[in-house]
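Colleague: Sequence:
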Amino acid sequence: MKRYLGIFILTVMVGLSGCASDTDSDTQVSSRAYSMQMQQNQNRVQTFNGRRQIRSSDGSMWTPPAGSYQDKDGYILDKDGTTIGQTGPLKIPKDAVG
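For the sequence shown, the positions run -20 to -1, 1 to 78 when mature numbering (1 follows the signal peptide of the UniProt record, and there is no 0) is used.
All clues given are correct.
Just the calculated beta-carbon pair ranges, DEER-fashion:
#1 A46 to I72: 21 to 31 angstroms
#2 T(-10) to G30: 55 to 65 angstroms
#3 K74 to D38: 17 to 27 angstroms
Just so you know, these hints were derived from the structure itself, not from any lab.
By construction, the Cβ of each residue, glycine as well, lies at the ideal position given by its N, Cα and C atoms.
Please construct the entire structure, taking both the sequences and the accompanying hints into account.
Modeller: So, in structure tokens, the structure goes:
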């Protein structure tokens, strides 16, 4: 009887330790996703609501769409991360041709 009880306890302990490792890997994945989200949020300077106008690099006024944001370099990006405008002085890349 004691032998069966020992086998049962050992089986339960091994089963529970397997569940803990699954939970640990889920925690690691979610903490990495949270870290990536925080890093993206740190690059955002301002988020737009679709009503306020801003001055672009060429001096014209325009209204960025709701959910778009400005990064630390002055680029305006839509909610998917595509550059749609720029504030401040016009920036020309060093490797630009023309």
